[in-house]
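A.B. asks: One-letter residues, chain by chain:
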Amino acid sequence: MDAFLQQVVAGLATGGIYASVALALVMIYQATEHVNFAQGEMAMFSTYIAWSLVNAGLPYWVAFVATLAFSFVAGVLVERLIVRPVEDAPVLTVVVVFIGLLVFFNSLAGWIFSYLIKPFPSPFPVTPLKVGSVVLSMHSIGSIAVTLVVLTLLFLFFRYTSLGLAMRAAAQNPVSSRLVGIRVGWMLALGWGLAGAVGAVAGMMVAPVVFLEPNMMSGILLYAFAAALLGGITSPGGAVVGGFTVGVLENLIGTYVPFVGNELKLTVALVIIIGVLVVRPSGFFGQVIVKRV
Amino acid sequence: MDRTTASQGNPAAGAARGGLFARHGSALLLLAVIVLACAAPFLISNYRIFQLTLAFGYAVALLGLNMLTGYNGQISLGHGAFFAIGAYVTAVLIDKAGMHYALTIPIAGVVCLAVGFLFGLPALRLEGLYLALATFALGLAVPQLLKYKYIEEWTGGVQGIVLIKPNAPFGLPLNPDQWLYFVSLFVMLVMFWAGYNILRGRVGRAMVAIRDHHTAAETMGINTALYKSLTFGVSALYTGVAGALSAIAIQFVAPDSFNIFLSISFLVGVVVGGLASIGGAVFGALFIVFIPNIAEGISKAAPWAIYGVMLILCMYVLPTGVMGLARIGMYRLRARRLRGKRA
Chain A
5 MDAFLQQVVA GLATGGIYAS VALALVMIYQ ATEHVNFAQG EMAMFSTYIA WSLVNAGLPY
65 WVAFVATLAF SFVAGVLVER LIVRPVEDAP VLTVVVVFIG LLVFFNSLAG WIFSYLIKPF
125 PSPFPVTPLK VGSVVLSMHS IGSIAVTLVV LTLLFLFFRY TSLGLAMRAA AQNPVSSRLV
185 GIRVGWMLAL GWGLAGAVGA VAGMMVAPVV FLEPNMMSGI LLYAFAAALL GGITSPGGAV
245 VGGFTVGVLE NLIGTYVPFV GNELKLTVAL VIIIGVLVVR PSGFFGQVIV KRV
Chain B
9 MDRTTASQGN PAAGAARGGL FARHGSALLL LAVIVLACAA PFLISNYRIF QLTLAFGYAV
69 ALLGLNMLTG YNGQISLGHG AFFAIGAYVT AVLIDKAGMH YALTIPIAGV VCLAVGFLFG
129 LPALRLEGLY LALATFALGL AVPQLLKYKY IEEWTGGVQG IVLIKPNAPF GLPLNPDQWL
189 YFVSLFVMLV MFWAGYNILR GRVGRAMVAI RDHHTAAETM GINTALYKSL TFGVSALYTG
249 VAGALSAIAI QFVAPDSFNI FLSISFLVGV VVGGLASIGG AVFGALFIVF IPNIAEGISK
309 AAPWAIYGVM LILCMYVLPT GVMGLARIGM YRLRARRLRG KRA
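Heads up: the protein sequence lines correspond to chains A and B, in order.
Quick note, in the working numbering, the first sequence goes up one by one and the last residue is 297.
Quick note, in the working numbering, the second sequence goes up one by one and the last residue is 351.
Hints in this document: simulated from the structure, not taken from any laboratory.
Take the hints with a grain of salt, since some may be wrong.
DSS-like, lysine-lysine: derived pairs with alpha carbons at most 25 Å apart [stated by the list, open to error]:
| # | chain 1 | residue 1 | chain 2 | residue 2 |
| --- | --- | --- | --- | --- |
| 1 | B | 308 | A | 122 |
| 2 | B | 155 | A | 269 |
| 3 | B | 104 | B | 155 |
| 4 | B | 104 | B | 157 |
| 5 | B | 173 | B | 104 |
| 6 | A | 269 | B | 157 |
| 7 | A | 122 | A | 269 |
Computed footprint of chain B on chain A; a stretch qualifies when at least three of its residues, placed anywhere within it, have a C-beta under 8 Å from a C-beta of chain B [to be verified]:
| # | stretch |
| --- | --- |
| 8 | 12-23 |
| 9 | 84-93 |
| 10 | 238-250 |
| 11 | 267-273 |
| 12 | 279-289 |
Using N, Cα and C, we set each Cβ at its ideal position, and we do this for glycine too.
Throw the hints in and build the complete structure from the sequences for me.
C.D. replies: Right, dumping it as structure tokens:
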């Protein structure tokens, strides 16, 4: 039972990271109906920035905030300069551009910081917490807490500020929003900025566990896709629930299903993705989209 | 999608008046390229021969992906998976069953046809973006699947399988590299000839119609479900044959050479060469074989930085790729010549 609980908590910790990336994906999807394949690589790049700042001697939390600011600006710039010109282009064009971005960030990180694996500091104490006979690492608990704080802040922002309301309006009905004076283009750019910052949090929380290297986010991105689809790609709340569900599932399947083990983790994500898409494309909480042809 | 449509203009415009070259220009050009390709292995180093052999394999894979993505409009970010299956089928058959390498190539193709068709069935329900997501996941999961411990007996796990380079048969005065070069060239020409016949006829038009307007195509009596999953299967067949060729040429297969970046480099090749163009596949293949070779001198990351920039740039300024550019150039030239004659 203890082992089971331990796996669940570990699953929640990685689940929180999947939830953050999934949320970043959903935020962009809701506004533009694009899935940002480069989300993981942008987060990875942000984490390298954090690493450089910490190495330059800044205290962890200062570097944390500076990285968030950097990622926000980078997200806005990417939207303004690269994504905007292909906003209304066919799906193929958009997907190719996003894959181009993925490759570009990946190689840029490799070029600047090399492909060597680097350790990344955790801001939380090393001594594990013991509850009964269950041993919990402080980093797991800390990253769950950070994830929850980020999600709460985002919820408050979208629910209770006029800027948040404007952003939701721009995503839901761009034409009417423009008529009431919302600058829809900038709202999209802000959405990209926020998604970049949320992704950066995920990157900094996961880096102490998987270590820092240019390909560290590929598996996480895949699980984030699975999470977003499971929860429904049109639903931010669904992405969060999906993230935690997928995280726990991944750990439990890895531990208790002998023929899967640790080696087929990515395949589990593949099966979830295809399963959800085929059986219930709108996920648990998403709305069914009816299109007119 | 309109801008990437293969413009099937009127290549014979003004040909009646022209000389031999104007009438059979493209056929003569093709012949010249083939003669050049046959002469090349006697003029260049073994390493360059090996690279060209690889490029021929890639060209087949790119034609396969182009059928699916360029002509049929289904995005695949996971074609490395079919390439891997083709390569492994060949390697396992040669290594464990002692089969002749030439026989394994069609078998690899047929296995991939079946797998591709089966993957195409659920993929039918996935439009555009979702298909991209599903195939992206497939591409990421491939190396793990190949390392799976219960099939290690056949696949050799992380170590992979090492093959032996075949010698030229019938006492031909060719070294193994030259012989493999001609095998690849031959297979590529056959696959391109078949592809040309599939794409220019009724089937090809049906594929393009499905891409351009799904509902309209269905109204015209095209069985879209069958065509889409068959296209997936045939595309996988091409990619599997390419994988088999590369396994024979490299003499080695290992899980980590079939990662997501292989699938992405196929996408790069198709986009740079030109979506919905047959000749573009050859150019794209040369691009993805030789650019890394040139750029790696700068940095290990440089080839990929170039790929990334090329992907984005192509979508902005050259959506029909190099072949599209060549086509536009040809039209301009021809138009100018016609105007000159009229004056």
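A.B. asks: Hints first: check each against the structure and report whether it holds.
C.D. replies: Verification of the hints:
{"no.": "1", "hint": "B:308 x A:122", "result": "holds (18 Å)"}
{"no.": "2", "hint": "B:155 x A:269", "result": "holds (12 Å)"}
{"no.": "3", "hint": "B:104 x B:155", "result": "holds (17 Å)"}
{"no.": "4", "hint": "B:104 x B:157", "result": "holds (17 Å)"}
{"no.": "5", "hint": "B:173 x B:104", "result": "holds (16 Å)"}
{"no.": "6", "hint": "A:269 x B:157", "result": "holds (13 Å)"}
{"no.": "7", "hint": "A:122 x A:269", "result": "holds (23 Å)"}
{"no.": "8", "hint": "12-23", "result": "violated (count 0)"}
{"no.": "9", "hint": "84-93", "result": "holds (count 4)"}
{"no.": "10", "hint": "238-250", "result": "violated (count 0)"}
{"no.": "11", "hint": "267-273", "result": "holds (count 6)"}
{"no.": "12", "hint": "279-289", "result": "holds (count 3)"}
Hints 8, 10, counting from the list given before, are not met by this structure.
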